[in-house]
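Undergrad: All residue numbers for the sequence shown refer to my numbering, where the first residue is 9 and numbers rise by one.
Worth flagging that the hints you see were computed from the coordinates, not collected in a lab.
Some hints could be false.
[Claimed, not checked] Cross-link-like lysine-lysine pairs, in silico, PhoX-like; alpha carbons within 25 Å at most:
(1) K38 <-> K151
(2) K119 <-> K71
(3) K142 <-> K71
(4) K38 <-> K215
(5) K119 <-> K151
(6) K38 <-> K167
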Amino acid sequence: MRASEHSDDTQATPLFPAGTDVTCGQGWYKHGSRCFRFFENKLSYRDAKDLCASHGAHLALPKDREANWLMMQMLRYVGRPDVWIGLTDVEEEGTFVWDDGEELGGFSDWKGDEPNNRAGGSDCVRMIWATKGKTWTDQPCSKYYSVICEKDLEFPSAKFTTLGATGHAGPTSLGDHYRGQDHEKLVTLQNGIQLFTVPETGNYRIKVAGAAAGWGEDTDLSHRGRGALVAGTFELQKVQEGVGFKRYGSAGGGGGTFVTEADDSPLIIAGGGGGGRGLKSHHAECDATTGSSGQAGFGHPLSLTHAGGRDGRGATRDNGYQGDRDGRGATGDKGYPGDRNGRGATGGKDCHHAVGGGGGGGGLWTDGGSMVETCGWDGIKMTHRHRMRSRTRAWANGGRSFGGYAFVNGGQGGRQRGPHAGLVGGFGGGGVGYYGGGGGGGYSGGAMGINEGDTCGGGGGSFNSGRDPSGQDGANNGPGYVVITKILM
Numbered sequence: 009m010r011a012s013e014h015s016d017d018t019q020a021t022p023l024f025p026a027g028t029d030v031t032c033g034q035g036w037y038k039h040g041s042r043c044f045r046f047f048e049n050k051l052s053y054r055d056a057k058d059l060c061a062s063h064g065a066h067l068a069l070p071k072d073r074e075a076n077w078l079m080m081q082m083l084r085y086v087g088r089p090d091v092w093i094g095l096t097d098v099e100e101e102g103t104f105v106w107d108d109g110e111e112l113g114g115f116s117d118w119k120g121d122e123p124n125n126r127a128g129g130s131d132c133v134r135m136i137w138a139t140k141g142k143t144w145t146d147q148p149c150s151k152y153y154s155v156i157c158e159k160d161l162e163f164p165s166a167k168f169t170t171l172g173a174t175g176h177a178g179p180t181s182l183g184d185h186y187r188g189q190d191h192e193k194l195v196t197l198q199n200g201i202q203l204f205t206v207p208e209t210g211n212y213r214i215k216v217a218g219a220a221a222g223w224g225e226d227t228d229l230s231h232r233g234r235g236a237l238v239a240g241t242f243e244l245q246k247v248q249e250g251v252g253f254k255r256y257g258s259a260g261g262g263g264g265t266f267v268t269e270a271d272d273s274p275l276i277i278a279g280g281g282g283g284g285r286g287l288k289s290h291h292a293e294c295d296a297t298t299g300s301s302g303q304a305g306f307g308h309p310l311s312l313t314h315a316g317g318r319d320g321r322g323a324t325r326d327n328g329y330q331g332d333r334d335g336r337g338a339t340g341d342k343g344y345p346g347d348r349n350g351r352g353a354t355g356g357k358d359c360h361h362a363v364g365g366g367g368g369g370g371g372l373w374t375d376g377g378s379m380v381e382t383c384g385w386d387g388i389k390m391t392h393r394h395r396m397r398s399r400t401r402a403w404a405n406g407g408r409s410f411g412g413y414a415f416v417n418g419g420q421g422g423r424q425r426g427p428h429a430g431l432v433g434g435f436g437g438g439g440v441g442y443y444g445g446g447g448g449g450g451y452s453g454g455a456m457g458i459n460e461g462d463t464c465g466g467g468g469g470s471f472n473s474g475r476d477p478s479g480q481d482g483a484n485n486g487p488g489y490v491v492i493t494k495i496l497m
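Model the full structure from these sequences, guided by the hints.
TA: Put into structure tokens, the structure is as follows:
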């Protein structure tokens, strides 16, 4: 820019308070999809344009009553100075054109007999503060006034939802859900997972919520396990995300919500809530956690509950009553704790509690474990005739509750095998619920619930590799979602 001799400082100071949304950058005020900034420096029209251009912006264009009113509020806040707006009749006297090339349309806010070219060569337009409008006057472009700059947000924010789907397999069509939004042409769908192409490299704030669990007829909605809420700042190239779902009508675990790079490397993940059976109140153990390990769930006694997954794995049933960690799912064979390190949760320490339990939550890397729902009949090698008989008897008593799939394996929710085959867990690795609640999906799967009243599967674990991380356990009591917001520096 060229500094005016009437300017005290070429580094003008914004005086209007910046909005709470960080997308416009420091010192800017966000209104809809536009950003505004007031500079107190008094400049000629030409220097005012240069100042705005140096900030990637242009002189403010109050083309409608709403924008004009907003600028009036800004002027009132900073002492009611006069400012330039981006409107001139330099090319043809009497024909006013906005600085973006659009001719002045239906809305205008001229004062009294303006424009009148009274001073001669009054080709530029200033705005003055007025309580009842009539704020524009034409002035010589060489005069000195303060400045309001404006810039558009090419990609201010995008919210990704479940697209209305409630099944274990995720959405099958984008439909019109994102029509007219900033990311309408940036999203594709592949096997239920939404693939988002970042429009430009930069810093983005990502907020992710895991889905709340399903609920059965014997569980109040307010008692179910809730999804975690996590947020972080990332420099992005391309993002792949899987969105979790809540599930009605069963005690299935809520799906985790995943944001990864194209090669499945995790950026940020929010765990889903654990499904309950006959819950009499809300228990924190049912909620997804901002920590990386899945929850153990709630039960009586607590020694019978599974542990959640760890280290990105699903919850399994191989290690007693504890879940897995480190990105594994939760499973259960030797006891009721699930696996850890991202593994699934499993269970099977005693026959009574094993029957009818839920499926473990899936993790990032491995599936959640499945719960045998009858004692002594599943997986026994016999002759063909006896095997069919054992299968019939097993299914008559329940069948098998399958854990949720890992994100890398598609992220589908677990399903019930047998006479209650309609029961499912939430997309995003939620374990199916039967006589026990399903574990929540997440970075590491939540443990499967046991076959007792007033119990639940564990909430899934979360993951956050971003800068300025924040989060809250059990903060989301609805479907999962992702909000990606561009940060302008």
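Undergrad: For a C-alpha distance cap of 25 Å, please report whether K119 and K151 respect it.
TA: holds, 18 Å
Undergrad: Need the status of pair K119, K71: alpha-carbon distance at most 25 Å?
TA: Distance ~16 Å between K119 and K71 Cα, so the pair holds.
Undergrad: Please work out if K142 and K71 have their alpha carbons no farther apart than 25 Å.
TA: Measuring from Cα to Cα gives roughly 14 Å; hence the hint holds.
Undergrad: For K38 and K151, compute the direct alpha-carbon distance and say whether it is at most 25 Å.
TA: violated, 29 Å
Undergrad: Straight-line Cα separation of K38 and K167 no greater than 25 Å?
TA: Satisfied, since the Cα-Cα distance of roughly 18 Å is no more than 25 Å.
Undergrad: Holds or violated: are the alpha carbons of K38 and K215 at most 25 Å from each other?
TA: Holds, because 19 Å separates the two Cα atoms, which is no more than 25 Å.
The structure does not agree with numbered hint 1 stated previously, though it agrees with all others.
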